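Novice: First to last, the sequence lines map onto chains W and B. Note that this note's numbering has the first sequence beginning at 1, numbered continuously upward. Note that this note's numbering has the second sequence beginning at 1, numbered continuously upward.
Be aware that a few hints might be false.
What the hints assert, rightly or not - If you want a taste of the chain W side facing chain B, the calculated C-beta under 8 Å gives, among others: (1) T4; (2) V6; (3) C11; (4) G12; (5) R33; (6) A36; (7) K43; (8) V49; (9) C55; (10) V56; (11) L61.
The hints are simulated quantities; they were obtained by calculation from the structure and are not laboratory data. Note that the coordinates shown come from a computational prediction; the quantities given were computed from them, not determined experimentally. A virtual CB, placed ideally from N, CA and C, is assigned to each residue, including glycine.
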Amino acid sequence: MTTTRVWCDRCGEPADAGGHPACRAARELEPPRFCAHCRRRMKVQVLPVGWAAACVEHGELRG
Amino acid sequence: MPEILDQARKQVLENGVGLDEAGVLAVLNLPDEHLPAALQLAHEVRMRWCGPEVEVEGIVSLKTGGCPEDCHFCSQSGLFTSPVRSVLLDIPSLVKAAKQTAATGATEFCIVAAVRGPDARLMKQLREGVAAIRAEVDIQIAASLGMLSQEQVDELVDMGVHRYNHNLETCRSYFPNVVTTHSWEERWETLRMVRESGMEVCCGGILGLGETVEQRAEFAAQLASLDPHEVPLNFLNPRPGTPLGDRPVVEGKDALRAIAAFRLAMPRTILRYAGGRELTLGDLGTREGLLGGINAVIVGNYLTTLGRPATDDLALLDDLKMPVKALSATL
C-alpha cells in the first residue's frame with residue numbers, strides 16, 4: 001500500500017510541523033505508536049528482540 | 001578520602017554490613033571529585049560479596065497497557081492519555097521471546113503484566129505460558145503481575161516461578177506522590193508473602209521521580225531492610241502523556257552516585273541495570289556503573305521502550321572480563 005506519511009509516528013501530530021527532531025531522537029529507543037498514514041494509535045508489542053506495531057487500516061510494521 | 005568511604009571500607013567491604021540511611025545519604029552527597037573513589041569501593045564490595053559474574057535477564061510484556069492503577073511514571077496506565085494501547089501476547093510469541101532471551105546467554109526471563117493484580121484469566125494464561133516455556137527453553141522464569149493474594153503466591157510457586165518482581169518504586173514517604181490508587185504498604189504485603197513462599201524477591205524502583213536525595217537514601221535503607229535477592233534500578237524515562245512526562249532525566253553523575261550508594265547499602269544483592277540507563281548514562285556511563293556496583297543487566301528491549309542490542313551489552317561484559325552467570329550458578 002502506498003499512502004503518504006503525513007503524521008509523526010511518535011506523537012501523532014502532523015509530520016511537516018517542525019520536523020519533530022525530539023521525536024526522531026526518541027524513536028531510536030521507542031517503537032512507533034501512531035500510524036504515519038492515518039494517525040490511528042497502533043497496537044504495539046515490544047519483544048526482547050524487536051517489536052511489532054499494527055494499524056487496523058494499514059497493516060503491521062516490524063522493527 | 002571522605003570519612004564515609006573510610007567507614008564503608010571497613011563496615012561494608014571488610015565485614016559485609018551495609019550502610020544505613022545516614023551513610024547512604026553521605027555517599028549520595030559526595031562531591032563529584034570523590035565519585036570515582038565511591039564507584040571503585042562499590043565495585044570492590046560487589047566483587048568481594050557477589051563475585052565477578054553478571055546475571056543477564058530478558059523481560060517481556062504479557063499484557064500491555066490498560067492498567068487501572070495511576071503510577072505517575074507509567075505509560076501503561078489506562079488513566080492517562082498515553083499512546084500505549086492494550087495488547088496481549090499469545091503463548092507462541094511468549095515462547096519465542098523466551099527463546100530469543102535464552103539465545104543471548106541470559107538465565108532469567110521475566111514475564112510482566114500491567115495489572116493491579118492478576119485475575120483468574122491472567123493466571124491461567126501465565127500457567128500455560130510457563131509450562132510451554134519450560135517444555136522448550138532452558139531458562140529460569142520470573143514474573144511480575146502486581147499485587148498478589150496468598151493463593152496466587154502459592155499458585156506461582158506451584159507453576160515453578162522462581163523469582164517474583166514487585167517494585168516499591170520509591171521510598172515510603174514519597175510514594176503517595178507517585179501512586180494514589182494503592183499504597184506502599186499493600187506492595188510491602190505482597191513482598192512479605194513472596195518471601196515467605198520461598199520464591200526469590202526482586203524489588204527495586206525508579207530514580208528521578210521527583211524524590212529528594214534524602215528520600216533516595218530512605219529508599220535504599222527500606223530496600224535493605226527488605227533484603228531482596230535482586231534490586232532492579234531504573235532511571236526515569238519520561239513518557240509522553242504521563243504526569244511525569246515532563247520531568248528531566250536523572251543526571252549521569254547522580255545516577256552513578258546512586259549505584260554506588262545502593263551497592264554500599266546492599267553488599268550481597270543482585271543490583272540490576274533496568275530501564276532508563278541508555279538515556280541517563282549512555283554507553284560510557286553504563287560501563288562506569290558496571291565498574292561501580294552493578295552486577296546484573298536487562299538485555300534487549302524493555303516492556304514498551306527499546307534497549308541497546310543485547311550483543312552490545314554482552315560485548316561490554318566481555319571487554320570488562322565479567323563472565324555471564326551460568327544457569328546452574330548461584331550468585
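Novice: Look at each hint and say if it fits the structure.
Specialist: Results of checking the hints against the structure:
1. T4: violated, 21 Å
2. V6: Violated: closest Cβ of chain B sits about 17 Å from V6/W, beyond 8 Å.
3. C11: holds, 7 Å
4. G12: holds, 7 Å
5. R33: holds, 4 Å
6. A36: With a minimum Cβ separation of about 13 Å from chain B (threshold 8 Å), the hint on A36/W is violated.
7. K43: holds, 5 Å
8. V49: holds, 4 Å
9. C55: violated, 11 Å
10. V56: violated, 11 Å
11. L61: violated, 14 Å
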